[in-house]
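*Asks:* Residue numbers (this note's numbering), protein chains in the order written: chain L, 1 to 411; chain G, 1 to 411.
Please keep in mind that the hints were generated in silico from the structure rather than gathered at the bench.
Worth double-checking, as some hints may not be accurate.
Since copy identity is lost for identical chains, a pair holds within one copy or between any two.
[Claimed, not checked] Simulated pairs of lysine to any residue, SDA-like, Cα-Cα distance not exceeding 20 Å:
hint	residue 1	residue 2
1	Lys-252	Leu-386
2	Lys-362	Ser-345
3	Lys-230	Gln-347
4	Lys-230	Ser-248
5	Lys-253	Ala-293
6	Lys-252	Ala-309
7	Lys-87	Gly-172
8	Lys-18	Gly-51
9	Lys-230	Ser-255
10	Lys-143	Ala-276
11	Lys-230	Gln-197
12	Lys-253	Ala-17
13	Lys-143	Asp-288
2 protein chains.
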Amino acid sequence: MLKVNSERLWNSLMEMAKIGATAAGGNTRLALSEEDKLGRELFIQWCMDAGMSIHFDAIGNLFARREGENPDANPIVIGSHLDTQPKGGRFDGIYGVLAGLEVIRILNEENITTEQPLEVVSWTNEEGARFTPAMLGSAVFTKDLDLEKALEISDRDGISIRQSLASIGHVGSRALARTFNAYYEAHIEQGPILEDQGITIGVVTGGQAICWLDIAVSGVAAHAGTTPMKSRVDPMFGVGEMLSSLDSTLCKKFSDGMITVGQLDIPGSSRNTIPALVNFTVDLRNPDDQLLAEMEADVRRQLTDIAAARGLTLRIDRHWLSPATPFDTGCISTVRTAVQELGYSWQHIISGAGHDAINIAKHCPTTMVFIPCAGGISHNESESALPEHVAKGCDVLLNAVLLRIAQRNVA
Amino acid sequence: MLKVNSERLWNSLMEMAKIGATAAGGNTRLALSEEDKLGRELFIQWCMDAGMSIHFDAIGNLFARREGENPDANPIVIGSHLDTQPKGGRFDGIYGVLAGLEVIRILNEENITTEQPLEVVSWTNEEGARFTPAMLGSAVFTKDLDLEKALEISDRDGISIRQSLASIGHVGSRALARTFNAYYEAHIEQGPILEDQGITIGVVTGGQAICWLDIAVSGVAAHAGTTPMKSRVDPMFGVGEMLSSLDSTLCKKFSDGMITVGQLDIPGSSRNTIPALVNFTVDLRNPDDQLLAEMEADVRRQLTDIAAARGLTLRIDRHWLSPATPFDTGCISTVRTAVQELGYSWQHIISGAGHDAINIAKHCPTTMVFIPCAGGISHNESESALPEHVAKGCDVLLNAVLLRIAQRNVA
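Could you put the whole structure together from the sequences, leaning on the hints where they help?
*Replies:* Dropping the structure here:
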């Protein structure tokens, strides 16, 4: 089995991490910033050194292309993103791009030619930290997000994507939504599952379904000192019962589900006033669309019952629903075969976070390869991954792509 | 039994309510504002018409005095405050001041002379809406709050109490902390108890003890989409269990206690992030100091147990503790005897809210008389009270003061 150059891959990651390095060992390269430009330029230089040609599309997605024997064949694309969160880590996104480059470097060293062109991509503004929404470049590529609308999106200082792209000069005419043979993305897990299980490789089967609810619970504002307990219509204790009920029942019933209450707000709150209104959010996730719908129904039923029993007024708005994204079984099987032939420990895993691959999966056969990260921590300067895992993830990526090239979507 | 002039008292209240009237039928006369000055001047005019002399102390507390046969006797003082909340009501505070004036008017009409001087007081800045803290004038009078410090307190526009007092001219040399024979304050209940019970008069036995706690519950911030439920240390659901536990147990155990969670805050919250920290407040009240201490201990025990079971870090800070303020048994008995002799329905009641009487109770024999207000609503333009209740409360005040004068602290 062909393996990658572990030291070269690690050194490339550490060299890239010098750009926008933070004192605590992280990285700040916000999308289309001066640091992002420097990171992109270093990557471009490495790709040109590897004999690749450089192309941009209208939203600044960067494609480095290694030509195939059949230039008209659809390219197999490998990549992720080079931008980071503010005080983000050295691996989130960057690993997927530089792992793609390492695949090309190995093919060059081994004098392996392929029928299909291979491209390594860095998608624009995956993080969404400077420009909202996240995964913007890949959504514009697939035309899920309108190009002109995206170009007008501005950061907090009022600088638009259009202006930022012009200032770094990374705009081109590569067609949006052009056909890919397949898309592969390697990434740190950004969760604790692989580390907890002592497993090296996550064979990613898709992205889970997500439902965001906005809950408003209204009662009657009253004085904390003059209103007897039995006279109160207190939404805060109602919300306490709601949270307690959801916490103790929902994920026992839906074992693959997740529930998070990340925001809670009491408008015009005062320490000695029973609130009139409590707002909170619910984030529900499940790998299965039908089970997510059942989770949502269960939340609605529990909250409705509790509100009714307490004389509270309840409003539930569905803010967002994103269906599950199953990855391509052919692509998944190339990854599974590669990891099995390499003899590394592995398990199937669901992508809990959003990735460009979730967007691209609607466009072409897609999958991902996960490696463990320490403590599951990401979007943080302390994000870290072991050189061994970084190399083995890239070994799997390399061999999966070779299987795809050979059209051996087996096991 | 002597009774007050119901129509005159009501008309005085409605006349005062024209100053700073709001569109929705409420009043805005913020402490020491132009409107407060006009309200004070109208009151002064009425007092002078009733043959009283006008005096101020250094914090602008306004005393209208009806001389007694023995000018050296300590005065019996009746009153409350003329300032209002922004968009407050027509009765909160004003009723106690104008009820005091009505008592004087009746004594004049009936040619009743008294050994003790009688004074009707309007305390400065009871509401605390423009200048913090509330009940400021009475606290300066009793020297619980330092005069010089109080004079330097500024509103949001940077205007100090010293400047505001100078501009309305209501500053004098009446001694702070001079001795009173007794202090009586009539007030709307600001709670629903009397209305719910169909009772006309609350014989107020004191102010309840109050304990304010600041709670901080810390867990581990993590991604809502990549962190399995069993790996989470989620403070939000911990807080849900805490609220649910307190709600379902505390006030069953402490039947006269009250608990309010008025504020809850998640620093840097995000819909799809498990919070690192949840802060919330707890307001505990009980008429009995010992029972309040037991309530606090119970809260601490429950929260500690729940945090420990969930691996959460808990911090509980006591922000404020105000002991119970029992009113004077002699003064209370004059009110009880008066209401019984008048034949009005009555019950003992605890003052849930703060009042100037709570401050003055530390200084001299003190009590209060409560009347119902619609829905228990106060600090609101819709605050209202029935003319019948307004008159009957003043009847009780008049006869209680006459009993005090006669030193008949009976029943």
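*Asks:* For each hint, tell me whether it holds in the structure or not.
*Replies:* Cross-check of the supplied hints:
1. For the identical chains of this complex, Lys-252 and Leu-386 are neighbours neither inside a copy (34 Å) nor across copies (55 Å), given an alpha-carbon limit of 20 Å.
2. With identical chains, the CA atoms of Lys-362 and Ser-345 are never at most 20 Å apart, being 29 Å at best within one copy and 75 Å at best between copies.
3. Proximity of Lys-230 to Gln-347 under the C-alpha cut-off of 20 Å is restricted to the inter-copy arrangement: shortest distance 18 Å between copies versus 54 Å within a copy.
4. Only between protomers do Lys-230 and Ser-248 lie at most 20 Å apart by alpha-carbon distance; the minimum there is 12 Å, versus 26 Å within a single protomer.
5. In this homomeric assembly, Lys-253 and Ala-293 come within 20 Å of each other (Cα to Cα) only inside a single copy, at 13 Å, whereas the closest approach across copies is 41 Å.
6. In this assembly of identical chains, the alpha carbons of Lys-252 and Ala-309 lie at most 20 Å apart only when taken from different copies (18 Å versus 24 Å within one copy).
7. For the identical chains of this complex, Lys-87 and Gly-172 are neighbours neither inside a copy (29 Å) nor across copies (60 Å), given an alpha-carbon limit of 20 Å.
8. Taking the closest pair of Cα atoms, Lys-18 and Gly-51 never come within 20 Å of each other, the shortest separation being 24 Å inside a single copy and 86 Å across copies.
9. For the homomeric pair Lys-230 and Ser-255, the shortest alpha-carbon distance between copies (10 Å) is at most 20 Å, but the shortest distance inside one copy (38 Å) is not.
10. Proximity of Lys-143 and Ala-276 under a CA criterion of 20 Å is satisfied in neither setting, with 43 Å inside one chain copy and 36 Å between copies.
11. For the identical chains of this complex, Lys-230 and Gln-197 are inter-copy neighbours only, at 13 Å across copies versus 50 Å inside a copy, given an alpha-carbon limit of 20 Å.
12. In this assembly of identical chains, the alpha carbons of Lys-253 and Ala-17 never lie at most 20 Å apart, being 43 Å within a copy and 59 Å across copies at closest.
13. When the C-alpha separation of Lys-143 and Asp-288 is checked against a cutoff of 20 Å, the pair qualifies neither within a copy, at 25 Å, nor between copies, at 68 Å.
Hints 1, 2, 7, 8, 10, 12 and 13 from the list above are not met by this structure, while the remaining hints are.
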